[in-house]
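Protein chains: 2
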Amino acid sequence: MKSLAIDMDETMADTVKEINRWYEREFGVALSEEELHGKEFRNAVPPGHSGMIKTFLNTPGFFRHLEIYPDAVEVVRELNQKYKVFIVSAAMEFPNSLKDKTEWLGEYFPFLNWKQYCLCGDKSVVQTDLMIDDRTRNFTHLKDAKTYLYTAHHNVAETAYERVNNWKEVAEKLL
Amino acid sequence: MKSLAIDMDETMADTVKEINRWYEREFGVALSEEELHGKEFRNAVPPGHSGMIKTFLNTPGFFRHLEIYPDAVEVVRELNQKYKVFIVSAAMEFPNSLKDKTEWLGEYFPFLNWKQYCLCGDKSVVQTDLMIDDRTRNFTHLKDAKTYLYTAHHNVAETAYERVNNWKEVAEKLL
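Residue numbers (my numbering), protein chains in the order written: chain A, 1 to 175; chain B, 1 to 175.
Any given hint could be a false lead.
When chains are identical, the list treats them as one kind, so a pair holds in a single copy or across two.
[Stated by the list, open to error] Dumping the calculated DMTMM-like pairs for lysine to aspartate or glutamate here, alpha-carbon to alpha-carbon at most 25 Å:
| id | residue 1 | residue 2 |
| --- | --- | --- |
| 1 | 99 | 162 |
| 2 | 99 | 144 |
| 3 | 173 | 18 |
| 4 | 115 | 35 |
| 5 | 39 | 144 |
| 6 | 84 | 129 |
| 7 | 84 | 107 |
| 8 | 99 | 67 |
| 9 | 115 | 40 |
| 10 | 115 | 103 |
| 11 | 17 | 122 |
| 12 | 84 | 162 |
| 13 | 84 | 33 |
| 14 | 115 | 144 |
| 15 | 84 | 14 |
| 16 | 99 | 18 |
| 17 | 82 | 93 |
| 18 | 54 | 71 |
| 19 | 143 | 67 |
| 20 | 2 | 26 |
| 21 | 173 | 74 |
| 22 | 82 | 40 |
| 23 | 17 | 33 |
| 24 | 2 | 93 |
Since the hints were derived computationally from the structure, they do not count as laboratory data.
With the sequences and hints as input, model every part of the structure.
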């Protein structure tokens with residue numbers, strides 16, 4: 001059975017939508033899809049506002065209530081029958097996210113076991129046969145792995161990796 | 001630069017001493033070194049007491065105040081110059097341990113970066129060139145890795161792996 005690493009933020013969870021919600025609460029205005037297109041959130045806001053984003057991300061509870069992308073639950077349920085699935089999230093920059101992330105996974109993926117969770121700093125310690133992730137930097141160390149770049153605002157200009165745009169496409173390619 | 005995974009519990013941190021302290025507080029008596037020799041803590045206590053140990057391990061704060069083994073800080077500091085060091089701990093069974101573990105690492109190893117922490121469920125997602133661990137089950141999936149079994153009560157009967165008995169021996173073998 002091949003091993004498959006699946007990322008959380010901007011792959012299964014709509015982290016940007018939640019940042020935008022918190023941003024609007026703080027600054028009174030949300031960013032549009034057009035303003036976010038092609039950018040990291042922190043680079044789409046005025047320079048004086050970007051520091052606040054790290055504060056959001058390290059607030060207990062922030063990662064507990066993220067929306068999940070459509071079809072992610074059902075597709076991961078099926079992937080979990082065919083692959084040795086690991087949920088691999090580079091979460092260590094924000095220690096308050098760690099428990100929130102385990103609880104979020106427990107809520108949406110009760111069929112996964114805690115043995116399948118991996119919260120790390122740098123994914124270069126992880127090797128799997130396949131990986132789905134929105135960050136190309138998480139692919140570069142992999143040996144002979146099949147990679148799928150999950151489309152996110154910040155990666156729309158990337159051309160070097162096979163792409164998945166939603167969980168239906170993940171199902172088409174991997175199931 | 002070769003990558004090196006270093007375990008936390010019973011490799012850098014004296015988890016058993018802390019369990020024993022909590023056990024004594026709960027049941028009025030601590031286990032002796034002789035009673036622990038060759039055993040997991042949970043198998044060294046009367047059957048009715050073993051369930052309490054998981055409660056200890058998932059109590060917030062338990063993993064925050066573990067004693068560190070002698071010389072671990074100085075040897076890891078030097079290893080960190082020679083290897084790409086990752087601290088890899090199978091912590092997910094106890095979600096309340098996650099933040100405690102990052103704070104413990106920050107206290108004793110301020111020269112390590114959060115990018116070097118990896119808290120997982122099952123270490124089979126991790127590949128490094130070398131690994132120091134007290135659990136042989138964490139070695140079996142490794143490809144061409146050099147492994148060092150850190151001596152612990154529960155593993156004294158293991159004969160299949162090269163062993164390190166303390167951090168001075170780690171230094172002799174790896175530095």
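Now for the hints, and whether the structure bears them out:
1. When the C-alpha separation of residue 99 and residue 162 is checked against a cutoff of 25 Å, the pair qualifies neither within a copy, at 32 Å, nor between copies, at 35 Å.
2. For the identical chains of this complex, residue 99 and residue 144 are neighbours neither inside a copy (32 Å) nor across copies (34 Å), given an alpha-carbon limit of 25 Å.
3. Taking the closest pair of Cα atoms, residue 173 and residue 18 never come within 25 Å of each other, the shortest separation being 28 Å inside a single copy and 49 Å across copies.
4. In this assembly of identical chains, residue 115 and residue 35 lie within 25 Å of each other by CA distance neither inside one copy nor across copies; the values are 39 Å within and 30 Å between.
5. In this homomeric assembly, residue 39 and residue 144 never come within 25 Å of each other (Cα to Cα): the closest approach is 29 Å inside a single copy and 40 Å across copies.
6. For the identical chains of this complex, residue 84 and residue 129 are neighbours both inside a copy (9 Å) and across copies (22 Å), given an alpha-carbon limit of 25 Å.
7. In this assembly of identical chains, the alpha carbons of residue 84 and residue 107 lie at most 25 Å apart only when taken from the same copy (20 Å versus 35 Å across copies).
8. When the C-alpha separation of residue 99 and residue 67 is checked against a cutoff of 25 Å, the pair qualifies both within a copy, at 17 Å, and between copies, at 23 Å.
9. Taking the shortest Cα distances, residue 115 and residue 40 sit within 25 Å of each other only across copies (20 Å), while inside one copy they are farther apart (31 Å).
10. With identical chains, the CA atoms of residue 115 and residue 103 are at most 25 Å apart both within one copy (14 Å) and between copies (22 Å).
11. In this assembly of identical chains, the alpha carbons of residue 17 and residue 122 lie at most 25 Å apart only when taken from the same copy (24 Å versus 31 Å across copies).
12. Only within a single protomer do residue 84 and residue 162 lie at most 25 Å apart by alpha-carbon distance; the minimum there is 21 Å, versus 29 Å between protomers.
13. Proximity of residue 84 to residue 33 under the C-alpha cut-off of 25 Å is found in neither arrangement, the shortest distances being 35 Å within a copy and 39 Å between copies.
14. In this homomeric assembly, residue 115 and residue 144 come within 25 Å of each other (Cα to Cα) both inside a single copy, at 24 Å, and across copies, at 23 Å.
15. Only within a single protomer do residue 84 and residue 14 lie at most 25 Å apart by alpha-carbon distance; the minimum there is 24 Å, versus 32 Å between protomers.
16. Proximity of residue 99 and residue 18 under a CA criterion of 25 Å is satisfied in both settings, with 18 Å inside one chain copy and 22 Å between copies.
17. In this assembly of identical chains, residue 82 and residue 93 lie within 25 Å of each other by CA distance solely across copies; the values are 24 Å between and 32 Å within a copy.
18. In this assembly of identical chains, residue 54 and residue 71 lie within 25 Å of each other by CA distance neither inside one copy nor across copies; the values are 29 Å within and 35 Å between.
19. When the C-alpha separation of residue 143 and residue 67 is checked against a cutoff of 25 Å, the pair qualifies neither within a copy, at 32 Å, nor between copies, at 38 Å.
20. Taking the shortest Cα distances, residue 2 and residue 26 never come within 25 Å of each other, neither inside one copy (44 Å) nor across copies (45 Å).
21. Proximity of residue 173 and residue 74 under a CA criterion of 25 Å is satisfied intra-copy only: 15 Å inside one chain copy versus 48 Å between copies.
22. Taking identical chains as interchangeable, the C-alpha atoms of residue 82 and residue 40 are never at most 25 Å apart, the minima being 33 Å within one chain and 34 Å between chains.
23. Taking CA atoms no more than 25 Å apart as the test, residue 17 paired with residue 33 passes inside one copy only; the shortest distance there is 10 Å, against 54 Å between copies.
24. Taking the shortest alpha-carbon separations for residue 2 and residue 93, only the inter-copy value of 24 Å comes in at or below 25 Å, while the best intra-copy value is 29 Å.
Comparing the model with each earlier hint shows violations of hints 1, 2, 3, 4, 5, 13, 18, 19, 20, 22; every other hint is respected.
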